[in-house]
Structures are given as C-alpha cells and as structure tokens.
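2 protein chains.
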Amino acid sequence: MKYKLFLIAMSLTFTAAYAFHLNRLNSQPVPYPEGYRNWIHVKSGLTGSASPMFNKLGGFHHIYANPEAITGYKTGKFPEGSMIVFDKIEMIDDGKGNISEGKRKWLDVMIKRERSDSTGGWDFDEFLGDSKTEHPAAVVITGCYRCHAADKTRRIVFSQLRN
Amino acid sequence: MKYKLFLIAMSLTFTAAYAFHLNRLNSQPVPYPEGYRNWIHVKSGLTGSASPMFNKLGGFHHIYANPEAITGYKTGKFPEGSMIVFDKIEMIDDGKGNISEGKRKWLDVMIKRERSDSTGGWDFDEFLGDSKTEHPAAVVITGCYRCHAADKTRRIVFSQLRN
Numbered sequence: 003m004k005y006k007l008f009l010i011a012m013s014l015t016f017t018a019a020y021a022f023h024l025n026r027l028n029s030q031p032v033p034y035p036e037g038y039r040n041w042i043h044v045k046s047g048l049t050g051s052a053s054p055m056f057n058k059l060g061g062f063h064h065i066y067a068n069p070e071a072i073t074g075y076k077t078g079k080f081p082e083g084s085m086i087v088f089d090k091i092e093m094i095d096d097g098k099g100n101i102s103e104g105k106r107k108w109l110d111v112m113i114k115r116e117r118s119d120s121t122g123g124w125d126f127d128e129f130l131g132d133s134k135t136e137h138p139a140a141v142v143i144t145g146c147y148r149c150h151a152a153d154k155t156r157r158i159v160f161s162q163l164r165n
Numbered sequence: 003m004k005y006k007l008f009l010i011a012m013s014l015t016f017t018a019a020y021a022f023h024l025n026r027l028n029s030q031p032v033p034y035p036e037g038y039r040n041w042i043h044v045k046s047g048l049t050g051s052a053s054p055m056f057n058k059l060g061g062f063h064h065i066y067a068n069p070e071a072i073t074g075y076k077t078g079k080f081p082e083g084s085m086i087v088f089d090k091i092e093m094i095d096d097g098k099g100n101i102s103e104g105k106r107k108w109l110d111v112m113i114k115r116e117r118s119d120s121t122g123g124w125d126f127d128e129f130l131g132d133s134k135t136e137h138p139a140a141v142v143i144t145g146c147y148r149c150h151a152a153d154k155t156r157r158i159v160f161s162q163l164r165n
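These protein sequence lines map, in sequence, to chains A and B.
Heads up, the first sequence is in my numbering, so the first residue is 3 and it goes up one at a time.
Heads up, the second sequence is in my numbering, so the first residue is 3 and it goes up one at a time.
Just chain A, with the same shape it has in the complex (with noise of 0.2 Å):
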C-alpha cells in the first residue's frame, strides 16, 4: 500500500514537473489552425467499438497538413511554421455496416517551432469540439509531447501521407 502510494505521487509529481517545464516552452500558444480544413488530406483512421478505450478515443481521424509540412511529409525535413492537424470526428455505426460522421470532438495541432529543441522543434495543443478558444486540462497536452518528443527513440510526426 505504501508502495503504490508512493508510486502515485512519484508519478504526479513527475507529471506536474513535466507540465511546468513544458509550459516554460510553450509561452507562446499555438494557434488555431485556420483553414486547416482547405489543406491535404494525409491519411485518416478508425478507432472503433472493440477498443477499450472507444468512450474516449471511438470514431474517425482525419490528418490534414499545410503546405510547408507537406514539404516536410516529402523530403523528411520540416520547415518552420508546418503544421499538423488531428481532426477526431465522432462515428455513426447503424449496425448495418454503415459507419458515418458524426460532430468534432476535438482537434488536435502540433506546430514547427525550430526554436524548441527539447522537444524536437514542435508545439502541441488541442481544441475542444469546434472551439477555437477551449483547450483541455494541461495534463493531456503533457501526453501529447510525452508520446510525440519525449521519447527520442520515436519519430516526432507518425503519420506518412498517403498516395
């Protein structure tokens, strides 16, 4: 007992730490991706009914890219100024096979900022619903550069653009 105790305050204090040393970075926000709905289509997913994490994560991404991060997609280096964005529409099953659109849940943006090299160069954030003002807590943009910068043995962008 003592010892998941002091496992969870390790890892709330690692997280905390984390958040602060982040937003240290991060004091210049990351901007709304206007028109982000004009750019590329990179690729687009899925997560459905069978993941135990559908009431969070369940329905349809999209990822659009503007024009200096589709150079970046092209050559693997990403000029200042790409953007990415991860747009996660709900999913409307009719049990039939028939799986369409529902409204935003959220979008997420990350931004090249060369400035940053902590965390390879790239801002995170994310708007909620159809928000281009309401951000969530800032313990889940924590993850976003955790799984995306943090760890170095990974690449920064996951997706590639397909053909």
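None of these hints come from the bench; they were simulated from the model.
Each hint should be verified, as a subset may be incorrect.
If chains are identical, the list can't say which one is meant, so a pair holds when it fits in one copy or spans any two.
[What the hints assert, rightly or not] The calculated EDC-like cross-link candidates involving lysine to aspartate or glutamate, where the alpha carbons are at most 20 Å apart (straight line), are:
hint: 1; residue 1: Lys45; residue 2: Glu103
hint: 2; residue 1: Lys90; residue 2: Glu103
hint: 3; residue 1: Lys45; residue 2: Asp96
hint: 4; residue 1: Lys45; residue 2: Glu92
hint: 5; residue 1: Lys58; residue 2: Asp95
hint: 6; residue 1: Lys76; residue 2: Glu36
hint: 7; residue 1: Lys105; residue 2: Glu36
hint: 8; residue 1: Lys90; residue 2: Glu128
hint: 9; residue 1: Lys58; residue 2: Glu92
hint: 10; residue 1: Lys105; residue 2: Glu128
hint: 11; residue 1: Lys90; residue 2: Glu36
Chain A is fixed; fit chain B onto it per the hints.
Then chain B, alone, in the frame of chain A:
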C-alpha cells in the same frame, strides 16, 4: 419458372439498352482526376464487417472535390468541369478497435458536363486500384448512373461538405 426467365431476360435487356444509351452519352471519356489527393476532403465514411456487402464494399471511403465542385457544394449550383472523387481504401482491423488504411480498391469519379441533360449533366466512371486506365465492366458504371442520375427524386450529388 417461365416467369422468372422472363424477368431475367427483361432485366438483361434493360441493362444492355441502358448501357448502350449511356455509352452514346459518354462518348467523351471521363478523365482520370489528376492531382485529386491535393483537392479538398469533403467527408469520409466506412463500410465495416457488419455489412452484407463487406467483401465488395468493405473499407474507408474519402470524398474529394476540385475547386469547381467546392463552389457547387457551397452554392448548390455545380459549374461545368466540377469533379468529385470517391476514393475507396481497404481497411485493416487489428481486432482491438484500431482500424487503419490499406491499399486503394477503386476510385469513382463524377464530372459535370452541361451537354448531357438526360443524366443531370454529369458523367461517371470508375478506375480500378491505382490504375489510371483500367475500368470495371460497363454494367458497374451503369449502376452509378442508375442511382445518382436516373432517379430524379434524389439529388445527383449525395454528399455534403463537412465543416
């Protein structure tokens, strides 16, 4: 039995006559939609394993529109040269709710050509896989017309631009 044969014969006659009619209309081939992956992504859907047509229709579909067709979605009037693409992509299901994209199955294309009133001013065709020249049998294309253009109670363009 005789009645059944009569129905089959009538159905084949109708299909052949209709295909012939369309071939005459469609003397100008539908061009391959070069660069459509850079067009605006209109919306998506998925045909999942619960569909009785899964073997044929299973997978993602992404709809893309050229600039003329985007004007059409926004104004309700599709100008000459509007092109809409229905991009059919295999789905890969890991059994844990993660459904990702596989290979292209086919590409459906519709193009607005005012010259042809009898099919609502649109021509239709399908390209197999990633091919820019291979098409399915004419009867498949007849199906496009029958559903989109011949039934005057329906709109010819079914999709709407998602926000």
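Hint by hint, here is what the structure shows:
In this assembly of identical chains, Lys45 and Glu103 lie within 20 Å of each other by CA distance both inside one copy and across copies; the values are 16 Å within and 8 Å between. Both within a single protomer and between protomers do Lys90 and Glu103 lie at most 20 Å apart by alpha-carbon distance, with minima of 10 Å and 16 Å respectively. In this homomeric assembly, Lys45 and Asp96 come within 20 Å of each other (Cα to Cα) only across copies, at 17 Å, whereas the closest approach inside a single copy is 24 Å. In this assembly of identical chains, the alpha carbons of Lys45 and Glu92 lie at most 20 Å apart whether taken from the same copy (17 Å) or from different copies (13 Å).
Both within a single protomer and between protomers do Lys58 and Asp95 lie at most 20 Å apart by alpha-carbon distance, with minima of 16 Å and 19 Å respectively. Taking the shortest Cα distances, Lys76 and Glu36 sit within 20 Å of each other only across copies (18 Å), while inside one copy they are farther apart (23 Å). In this assembly of identical chains, Lys105 and Glu36 lie within 20 Å of each other by CA distance solely inside one copy; the values are 18 Å within and 31 Å between copies. In this assembly of identical chains, the alpha carbons of Lys90 and Glu128 lie at most 20 Å apart only when taken from the same copy (11 Å versus 30 Å across copies).
Proximity of Lys58 and Glu92 under a CA criterion of 20 Å is satisfied intra-copy only: 10 Å inside one chain copy versus 25 Å between copies. Proximity of Lys105 and Glu128 under a CA criterion of 20 Å is satisfied intra-copy only: 16 Å inside one chain copy versus 30 Å between copies. Taking the shortest Cα distances, Lys90 and Glu36 sit within 20 Å of each other inside one copy (16 Å), while across copies they are farther apart (28 Å).
In this structure, every one of the numbered hints holds.
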